[in-house]
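Number of protein chains: 2
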Amino acid sequence: MSAPGLIPSTGVFRFAARTRHLQPSAIREILKVAESPEVISFAGGLPAPDLFPVTEIAEAAAAVLREAGPAALQYGVSEGHPVLREWIVGHLARTLGLACRTDQVLVVQGSQQGLDLVAKVLIDPGDLILTENPAYLGALQAFRAYEAQVVGLESDAEGLLPEALEHWLRTQSVRPKLLYLTPNFQNPTGTCLAAERRRAVVALAAQHGLPVLEDDPYGALRYSGAPAPALATLAEAGGCLYLGTFSKVLAPGLRVAWLVTPDRALHEKLVTAKQAADLHTSTFTQRVVTAAVRPPGFLDAHVGRLIATYRQRRDAMIAALERHFPSGCTWTRPDGGLFLWVTVPPSLDTQSLLPAALAAGVAYVPGAPFWVDRPVHNTLRLNFSHATPERIETGIRRLGAVLHAALG
Amino acid sequence: MSAPGLIPSTGVFRFAARTRHLQPSAIREILKVAESPEVISFAGGLPAPDLFPVTEIAEAAAAVLREAGPAALQYGVSEGHPVLREWIVGHLARTLGLACRTDQVLVVQGSQQGLDLVAKVLIDPGDLILTENPAYLGALQAFRAYEAQVVGLESDAEGLLPEALEHWLRTQSVRPKLLYLTPNFQNPTGTCLAAERRRAVVALAAQHGLPVLEDDPYGALRYSGAPAPALATLAEAGGCLYLGTFSKVLAPGLRVAWLVTPDRALHEKLVTAKQAADLHTSTFTQRVVTAAVRPPGFLDAHVGRLIATYRQRRDAMIAALERHFPSGCTWTRPDGGLFLWVTVPPSLDTQSLLPAALAAGVAYVPGAPFWVDRPVHNTLRLNFSHATPERIETGIRRLGAVLHAALG
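First to last, the sequence lines map onto chains A and B.
If you use our numbering, the first sequence corresponds to residues 2 to 409, in order.
If you use our numbering, the second sequence corresponds to residues 2 to 409, in order.
Bound conformation, chain A alone:
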C-alpha cells in the first residue's frame, strides 16, 4: 500500500511530540456520544440555536460586504477592528461602569484565545495560577498547556472564599502569577462571587501584587437578583484584566471576544502574542459583529429575549429537579448564565453513572474534571439553556430515575 503521495495513517515516521500537558477535554468526548437525537443533552455549554439572530446576522454580513467591500476580506491589524474596539469601550462603560480606552482592548478569537494568550505571555513552566474550585475546564486546559500549576481555592455558593485566598497568600512562600476568576454565573457551578467578597478579593490581590483575570462570558445573562460590581471596576490600581465575549449574547460560531488590559506593556505583549498565534481575528466576522451591535443595533433587544427564554428554562429545570431528584441531592440556584451544579449523595460516582444515564436518554457532564486537584465524584454539571422546558422536564425525570435506581 504505497500509492503516490499517500500520507500513511499509521505513522511509519516517528514524531517526537511533547506528551505532557495537552490533555483532550473530557467533555468533548461526552458531547460526541450525547449528539444522538434520542439523548436529551444537558452536557454541552451551548446557547440555544433557535434563538440565534440568524436574520440580523445575515443582514449584517450583507451590509458589511456591500459597504466595506474588499476591506472586510483583507488582512487586518492584530489589535482588532478599530470600530469594534471603540464600541466595546462604550459598551463596558454603559453596562459595567468600567472605564477603559480603545488602546487597552484586544479582539481575540473567542474567550478561549484570551485565556491562551494571557498564559502564553505570563506563564513560565511551573508557575502557579490560583482559581476557584471547581473551575472552568477550558481555562485549566489553556493554562496547563503552558505548564502552569493551577491551585484551586475553597469556594462555596457565593464563590471563592476570601479567607482561603488570604490564608494561601499568607502561608505560601511561592508568588503566584495570576488569580483567575469567573465572578458571574460561573461555569460549572452557576454561582456568583458575592459583592463583599469581590472587594475583599481585589484588595488582597492588590496587596500581594497578584494580577487578576476576570472572565465574564455570562454577566449579561442575568435572570434574577442584582449585579455586583465587576472586579475590574474595583481594581483601582489596574491589576485586573477583563475578558468579555459575544459568544453567549450573539453567536459562539463567530468566535469574537475581547480582552481589556490595563497595563500598556502587557497589552503590547498580548498583541505580539496574538500576532504570532494567528495574525488577527477574522476581519469579516469582526465587521459582521460590529454591524450587528452598532446603533441602531439589536443586541439589547436580543439579550432581552435570551434572558426571558433562559429564565424560563432555568425555572423549569429547578422545578423538575425538585420533582424528580432523590432526597440527598442538592443543586445551585443560579441567577443567570447557562449552568447549574448538582451534588448527589456521596455514595454515587457521576462518572460511573453516565452510561446508565445515556442508556436512559439523558446526558450531563460528570463534575470530577472541573475540580482542580482532588476530584469530587458525586457532582455533575447541567446546562439549562439549550433544551426546551418540555425536554428539560423529560430529561430530568430520566436522570432522576437513574439516580433513584442507583441509590437502590
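Check the hints yourself; a few may be wrong.
Output of the computed footprint for chain B on chain A, the stretches with three or more beta carbons under 8 Å from beta carbons of chain B [stated by the list, open to error]:
1. 45-51
2. 65-73
3. 134-144
4. 271-277
5. 282-289
6. 323-335
Just some of the chain A residues that point at chain B, by a computed CB distance under 10 Å [unchecked claim]:
7. 15
8. 17
9. 110
10. 127
11. 204
12. 207
13. 210
14. 239
15. 254
16. 264
17. 267
Bear in mind the hints are in silico, worked out from the structure with no lab data behind them.
Note that beta-carbon positions come from the ideal geometry of N, C-alpha and C, so glycine has one too.
Start from chain A and add chain B according to the hints.
Chain B in isolation, oriented as in the chain A frame:
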C-alpha cells in the same frame, strides 16, 4: 484622576510578564508608516483587494445562513467543519496528487495558527528548528514564541541547498525537532525549491528522522514554469506535515487554512492544542469558504483571474527594475507568488535607506529581519501583487532614484 472603574493606562500595578521571545514584527511597524496614500507600498504581503471575490462571498454568506441557519453560528468541533475538510482532501488529490484522509486534516485560523500549533506541540525550550535562509518572518516569530532556536541553512535561487542540510545533520550532534520549508514562491525571496532538491531534502529528512513542515500558501499562484512535486507527496514514510490556506486564493480576512498531519497521534495532539488555543475556527467563515469552493464553485476561475493579473504585475515590476535600478542590483525572477527579493550593492543598508524611500513616496521591507541569524543588510523584499502596473512603474522609478542617489 481616579474615576470609578478607571483602568489606568500607566500601569500602577506591576505585571511580571515574560519578556523574552515575543518580539513584534518589524514589518508591522513599517506597514503603519506605509499606509499613507502618497506612498506606493511594496511592503505588505497583501493580495490585491480589487480582485477579492466580494460578490461571490456575499452570495456564499447569504446561502450559508439561509440553508444551515443556526448551525452556521453554533460552536463546532475543534477539527473543523467536516464538509470543508472533505473538500480539502479532494482538492489536494486533484491539485497536488496528494492522497490524505479527512481525519488527517485540521482546519486552522490562517496558516499562522498552523505554525503556532505545530510549535506548541513539538517544541521544548531550546529545541532546534532548521529552515531555509532567509526565511518567513511569521514562522520565525511563531517558533521563537516557544523558545525554539531557529537555524538558517544556506539557500540560493533554487531554495535550500541539500548539501547544507546534509552537512549540518552529519556534523551536529543535536537532533533538530523540525525542518520548516516554503518550497513554492517563498516569502521573502519568491524562489522555489528545485525538484531534484526536494527529493534530496525529503530523503535526508527521512534518513535522519527529521519531521518536515511544508508551508504552501502560494503554490496555486504560478505564472510561469512547471510545478515540482509537493514535499508531502515525496515523503512516503509520512514524515511531512502540509500547511495550506485560502488566504491567497480567496481572502485572507476569512482566516481559514488547514494542516494535514500524517501521524494520528500527532494529529490528535494538534487538535487538542487547537482546542486549548481557541476551541475551533469560526463555524461561519468555515461554512462561507465551503459554500464558495464547493461545486459548482468559482475557485478555479477566480485563481485563473488572479494568475492573469499577478503575472502582469510581476512582469511590470521586473521590467521596471530593469529600467530604473542601478547596475550592481540583482533580483529574483519568481514564477509565482507575491514577492521578489532584491540585492543591492553591499555598500548600501536597506534599513537606513527606508526613510529616504518613504520620503520619495515608496515603501519596501528591508531584508535584514528575514535572515535567521546574521542579517544581510543589502537586501530587500518587494511585493508585486498589490499595486497596479502603473503604480509599480512609478514606485520602482522612485525607489531606483533613491538607490542611484545613495550610490552617489
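Item to complete: Give me the numbers of the hints this structure contradicts, sorted from smallest to largest.
Response: 6, 10, 11
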